[in-house]
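S.K.: From just these sequences and the hints, can you work out the full model?
Now for the letters of each chain:
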Amino acid sequence: MISEQLLFALCGIGIFSIGLRATLIHQQLLSRLLALNVCGAGVFLIFIAIAYRGETQIADPVPHALVLTGIVVAVSAMAMALALRHKLKDLNDE
Amino acid sequence: MTEWLWLFLDLTLILLLLTLAWLTCATHNNQKGVTYFIAFGLLLALAWARLKAPDLALAEAVIGAGISGALLLAAIKHDDDAQSVNKLPSIKLWMVNLLTVALATLMGWGVWHGLELSDGNRLADQVLAQVPESGVTNPVTAVLLNFRAYDTLLELAVVLTAVLAVLTLNPMRKTYVPAEPILQTMLSWLVPLLVVTSGYLLWVGAHAPGGAFQAGALLASALILLQLAQPTAYQAINLNWMRFLLIVGIAVFVSVGLLMMFLNTAFLGYSSSWSGILILVIETAATFSIASALAIAYMGGRPDGWETFETSTSSGHQGGKHS
Amino acid sequence: MNNPMVWVIMLPLLASLITLAWPRRAHWIGLLFSVITLAFSMVLVYQVFNGGPQTHELGNWNAGLGIALRADALSASLLVMAMLVFTATTFYADAYFSDVNKRMRFWPLWLMLSTAINALLLSGDLFNLYVTLELLGLSAVALTALSDNRAALQASIRYLSIGLLGSLVFLAGVALIYTGYGILDLELLAQRIQAEPLAQVALTLMSAGLIIKSALFPMHFWLPAAHASAPAPVSAALSALVVKVSLYIILRLWIDVFDVVITPASALLIGILGAAAVIWGSWQALRAERLKLLAAYSTVAQLGYLFIFIPLITGLPEGQLRETAFTALVLLALTHGFAKSALFLSAGVVQHRAGHDRIADLAGTSRALPLTTFIIALSGVALIGLPPSGSFIAKWQLLAASIHSAQWWWIPVVATGSILAAAYTFRVLGHAFGPGDSAGKVLNWGREEIPALTLALFATVVLGLGSAGLWDFISNNSQFIGG
Amino acid sequence: MIDILALTIILGGVFFYMTGSIGLIRLPDLFSRLHALSKADNTGLALITLGIAMLEPDKILIFKLILVWLLMLAASAISSHLIAKHALSGGKQDD
Numbered sequence: 001m002i003s004e005q006l007l008f009a010l011c012g013i014g015i016f017s018i019g020l021r022a023t024l025i026h027q028q029l030l031s032r033l034l035a036l037n038v039c040g041a042g043v044f045l046i047f048i049a050i051a052y053r054g055e056t057q058i059a060d061p062v063p064h065a066l067v068l069t070g071i072v073v074a075v076s077a078m079a080m081a082l083a084l085r086h087k088l089k090d091l092n093d094e
Numbered sequence: 001m002t003e004w005l006w007l008f009l010d011l012t013l014i015l016l017l018l019t020l021a022w023l024t025c026a027t028h029n030n031q032k033g034v035t036y037f038i039a040f041g042l043l044l045a046l047a048w049a050r051l052k053a054p055d056l057a058l059a060e061a062v063i064g065a066g067i068s069g070a071l072l073l074a075a076i077k078h079d080d081d082a083q084s085v086n087k088l089p090s091i092k093l094w095m096v097n098l099l100t101v102a103l104a105t106l107m108g109w110g111v112w113h114g115l116e117l118s119d120g121n122r123l124a125d126q127v128l129a130q131v132p133e134s135g136v137t138n139p140v141t142a143v144l145l146n147f148r149a150y151d152t153l154l155e156l157a158v159v160l161t162a163v164l165a166v167l168t169l170n171p172m173r174k175t176y177v178p179a180e181p182i183l184q185t186m187l188s189w190l191v192p193l194l195v196v197t198s199g200y201l202l203w204v205g206a207h208a209p210g211g212a213f214q215a216g217a218l219l220a221s222a223l224i225l226l227q228l229a230q231p232t233a234y235q236a237i238n239l240n241w242m243r244f245l246l247i248v249g250i251a252v253f254v255s256v257g258l259l260m261m262f263l264n265t266a267f268l269g270y271s272s273s274w275s276g277i278l279i280l281v282i283e284t285a286a287t288f289s290i291a292s293a294l295a296i297a298y299m300g301g302r303p304d305g306w307e308t309f310e311t312s313t314s315s316g317h318q319g320g321k322h323s
Numbered sequence: 001m002n003n004p005m006v007w008v009i010m011l012p013l014l015a016s017l018i019t020l021a022w023p024r025r026a027h028w029i030g031l032l033f034s035v036i037t038l039a040f041s042m043v044l045v046y047q048v049f050n051g052g053p054q055t056h057e058l059g060n061w062n063a064g065l066g067i068a069l070r071a072d073a074l075s076a077s078l079l080v081m082a083m084l085v086f087t088a089t090t091f092y093a094d095a096y097f098s099d100v101n102k103r104m105r106f107w108p109l110w111l112m113l114s115t116a117i118n119a120l121l122l123s124g125d126l127f128n129l130y131v132t133l134e135l136l137g138l139s140a141v142a143l144t145a146l147s148d149n150r151a152a153l154q155a156s157i158r159y160l161s162i163g164l165l166g167s168l169v170f171l172a173g174v175a176l177i178y179t180g181y182g183i184l185d186l187e188l189l190a191q192r193i194q195a196e197p198l199a200q201v202a203l204t205l206m207s208a209g210l211i212i213k214s215a216l217f218p219m220h221f222w223l224p225a226a227h228a229s230a231p232a233p234v235s236a237a238l239s240a241l242v243v244k245v246s247l248y249i250i251l252r253l254w255i256d257v258f259d260v261v262i263t264p265a266s267a268l269l270i271g272i273l274g275a276a277a278v279i280w281g282s283w284q285a286l287r288a289e290r291l292k293l294l295a296a297y298s299t300v301a302q303l304g305y306l307f308i309f310i311p312l313i314t315g316l317p318e319g320q321l322r323e324t325a326f327t328a329l330v331l332l333a334l335t336h337g338f339a340k341s342a343l344f345l346s347a348g349v350v351q352h353r354a355g356h357d358r359i360a361d362l363a364g365t366s367r368a369l370p371l372t373t374f375i376i377a378l379s380g381v382a383l384i385g386l387p388p389s390g391s392f393i394a395k396w397q398l399l400a401a402s403i404h405s406a407q408w409w410w411i412p413v414v415a416t417g418s419i420l421a422a423a424y425t426f427r428v429l430g431h432a433f434g435p436g437d438s439a440g441k442v443l444n445w446g447r448e449e450i451p452a453l454t455l456a457l458f459a460t461v462v463l464g465l466g467s468a469g470l471w472d473f474i475s476n477n478s479q480f481i482g483g
Numbered sequence: 001m002i003d004i005l006a007l008t009i010i011l012g013g014v015f016f017y018m019t020g021s022i023g024l025i026r027l028p029d030l031f032s033r034l035h036a037l038s039k040a041d042n043t044g045l046a047l048i049t050l051g052i053a054m055l056e057p058d059k060i061l062i063f064k065l066i067l068v069w070l071l072m073l074a075a076s077a078i079s080s081h082l083i084a085k086h087a088l089s090g091g092k093q094d095d
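Protein chains in written order, with this note's numbering: chain Z, 1 to 94; chain H, 1 to 323; chain E, 1 to 483; chain S, 1 to 95.
Hints were generated in silico from the structure; no laboratory data involved.
We put the CB at the ideal spot given by N, CA and C, even for glycine.
Among the clues, some could well be false.
Using C-beta positions, here's what the derived DEER-type ranges look like [to be verified]:
{"no.": "1", "chain 1": "Z", "residue 1": "Q57", "chain 2": "H", "residue 2": "H207", "range": "13 to 21 Å"}
{"no.": "2", "chain 1": "H", "residue 1": "Q230", "chain 2": "S", "residue 2": "A87", "range": "18 to 26 Å"}
{"no.": "3", "chain 1": "H", "residue 1": "L15", "chain 2": "S", "residue 2": "I2", "range": "27 to 35 Å"}
{"no.": "4", "chain 1": "H", "residue 1": "L117", "chain 2": "S", "residue 2": "R26", "range": "45 to 53 Å"}
{"no.": "5", "chain 1": "E", "residue 1": "G355", "chain 2": "H", "residue 2": "L88", "range": "33 to 41 Å"}
{"no.": "6", "chain 1": "E", "residue 1": "P264", "chain 2": "H", "residue 2": "L88", "range": "33 to 41 Å"}
{"no.": "7", "chain 1": "H", "residue 1": "L11", "chain 2": "S", "residue 2": "L7", "range": "19 to 27 Å"}
{"no.": "8", "chain 1": "Z", "residue 1": "S3", "chain 2": "H", "residue 2": "L16", "range": "19 to 27 Å"}
{"no.": "9", "chain 1": "S", "residue 1": "T8", "chain 2": "Z", "residue 2": "S3", "range": "29 to 37 Å"}
{"no.": "10", "chain 1": "H", "residue 1": "P192", "chain 2": "Z", "residue 2": "S3", "range": "40 to 48 Å"}
{"no.": "11", "chain 1": "E", "residue 1": "A360", "chain 2": "H", "residue 2": "L16", "range": "57 to 65 Å"}
{"no.": "12", "chain 1": "E", "residue 1": "V43", "chain 2": "H", "residue 2": "L15", "range": "52 to 60 Å"}
M.R.: Structure follows, in structure tokens:
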């Protein structure tokens, strides 16, 4: 039977690839931003999948801490990208 | 029997995650994309819970789906529906597809090989053995604020940088209409509840899932709700306080770190009998900074008077050239 | 006062907070703190010179569990270069921004950029590298967006999404490393790593992410727009430092940590990309119509040279020859850092004075701005690789290494690149010295020109004449060669 | 015995949820969708909360579950109200 780690890690790779493909394809900022966030979620899922150590054991806390950092970094980057987008729209409207 | 049930549930979750990821990425309609993305974030929180990462499930629900969702929805509020979609030439599209598939295959191979190679423990045993020394009992908090506290410090710097960018780029959004009475009634008891819950999360982070980031994000959502109900509430805000709140997290963190360097030679090397209290102090300060940062990110820019006070109070430093 | 490594990261960070809290005195705080930080970076070099590579285990946790700061000759010399460029540019920037509000926006972000660069150069941990990369990327984008016109905003949006993509791909590689080895610390990883599929896949991912960020040839498309549209001091830092520190991680990974994994074919591939960057970047620089765009394309080319060193170094046997090639690489990186920042700063002066930086309309600049023209010429000398600049010695050693490792095919690339560099430099100078209506008197803008002149002199004279000292320093204190 | 009862109640909750979701997809306009979703989901949530509470020995956790249920109830009632009111006042009715 396939282990949960491999199963979810492969899912993470799948999500990463979907996001990566969309990042490369989309021209428009917001779609690209969503794609980048999906892409990041895939990487996070790989980390958390391999941190899982079965029903009985505590999971590895290091990847959890790393991903928590990653989530906060991702939301900061998103806030900044949206601010840039807003400014550009304002300039375009003028 | 239960094993197969788990496998079935896992596969369902994975399939849903992949589908939502695909839908988020495939649509050209911003509104749909954002909606799918929020749903994706919530499902991801479920996946974190499944993989025994409750700290992350909390963080993802509050930050990943909640705050990001709010930011995105606020951003697309005034978008036109019609999106001009210029399609890639099909050769380029196929190259991208090929690249992605090749990379995914490589990564799959790498992960498979990596799982074979590893003993499955990695740093876990080492970290768990040291957790009693760290001053807290929640291992994730121990890693975040003691073993790898430096990462967390730089992460706060990342948050501050993003907020500085938001503050420099735009003035605050001012298009809010007065809220429904029913929403205001709800908020009058929901906001205090959120504040209390956020304090609880901060406190409980020492020994159970929770901590500064979850607490900060929750506090930020309280601020955002307040803004939705009372659009004028922020015009009275004291700008010096706002500056103070933004920097207090890093300032306390660095001060503690440097103080410990004088006492114990290593930057952030807490004296072990004090580490619990030091971590709580740092986390409290960080909660305020994160909350104010996320709230400002939602407001979309600087409040009135953020920049102009220098010109009004002093002629200051002249340009220094063209003379 | 016991550890300069901590101080060079914490001082700019603290300064950034103070400038935010007290914007009225921002420029004094910025200048003061960057000078002190520069002093600490020199202390660090002194320590490395006397005591070999330095380690600081943060939080008193051993490096596997916690994070370690590390400095060896490579990171220490890049750090000093970064701080010199940064300090000079800080003095320049103090005079550059005339708008009060803009200056207020500039300082906290600028010091945050310095924090990120220093933290990245000293980081000894893979995930920590990711966080510093993000800090670097976000502060660089925010600074680019400071010149708030449409072109700059479009460039910075592109810069941001490309940067995020790069760091995510890098992070995916880190995830694979942690999967297989359970290690994030670079030194422990170097002991543990073997030539196996996992390591190769992970290295491919991490390098791909970093190549995007350091704008190696096929991934260079975002760089010229971003670097050319940012305010001049920001462009100087972006071109001289920001792309270079991503390249520093690539070097660290390829030559130090993953050296057993590297195959000659992969080294050759990255070298070929570097060669393509040299030719393409120089050609585009020659065709560029604006001075800042020329400088940006020239960055693409100059980074290419640094990548050509990778197949040479991995192709040489351990020992004297390899050390020499490696030192030449460092020398070239340092020289380019100084020369390119000087060029961007002078371009900023020209732009302020003339209101534009179109190369074709520069006629008369040499009379109106003699010192600035001189600085442009000096940086040109370093970019071409004429004596006595540091890059002359570096390129000489690059040719020598090509011969020693029997990879003669790099020689025509270097020759072509240098000829093209000479062509684009003389094109600018030719226009600048041309007869023109240089209305007005001779101008010296000391506060802007002196920092630029200092940097240009470092590139051409100090590094050229002082290269022997650098040679000793690198070959005795590098982790790379095991010396 | 209590296990089987709890399981039945939880399954009942799942049934209500599914009905609500089918309603969301199949019903023709915003108001009936909203109706189906809020009614069915609240009932479903109540049943699932009840079922889990029966299985849970820890009293504090039961209290927390009830709190979750109440909060969800308030949130869904108010958000449905807001969506409906927005739609009535001239917002878009389609998705």
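S.K.: It remains to establish, for every hint, whether it holds in the given structure.
M.R.: Verification of the supplied hints:
1. Z:Q57 x H:H207: 13 to 21 Å: Once the Cβ atoms are compared, 19 Å apart, the range 13 to 21 Å for H:H207 and Z:Q57 holds.
2. H:Q230 x S:A87: 18 to 26 Å: holds, 24 Å
3. H:L15 x S:I2: 27 to 35 Å: Distance hint for H:L15, S:I2 holds at roughly 33 Å.
4. H:L117 x S:R26: 45 to 53 Å: holds, 50 Å
5. E:G355 x H:L88: 33 to 41 Å: Given about 39 Å between the Cβ atoms, the range holds.
6. E:P264 x H:L88: 33 to 41 Å: At 35 Å between Cβs, range holds.
7. H:L11 x S:L7: 19 to 27 Å: holds, 22 Å
8. Z:S3 x H:L16: 19 to 27 Å: Roughly 20 Å apart at Cβ, these two residues keep to the hinted range, so it holds.
9. S:T8 x Z:S3: 29 to 37 Å: holds, 33 Å
10. H:P192 x Z:S3: 40 to 48 Å: Given a distance of about 46 Å, which is inside 40 to 48 Å, the answer is holds.
11. E:A360 x H:L16: 57 to 65 Å: holds, 59 Å
12. E:V43 x H:L15: 52 to 60 Å: At roughly 58 Å between Cβ atoms, H:L15 and E:V43 fall inside 52 to 60 Å, so the hint holds.
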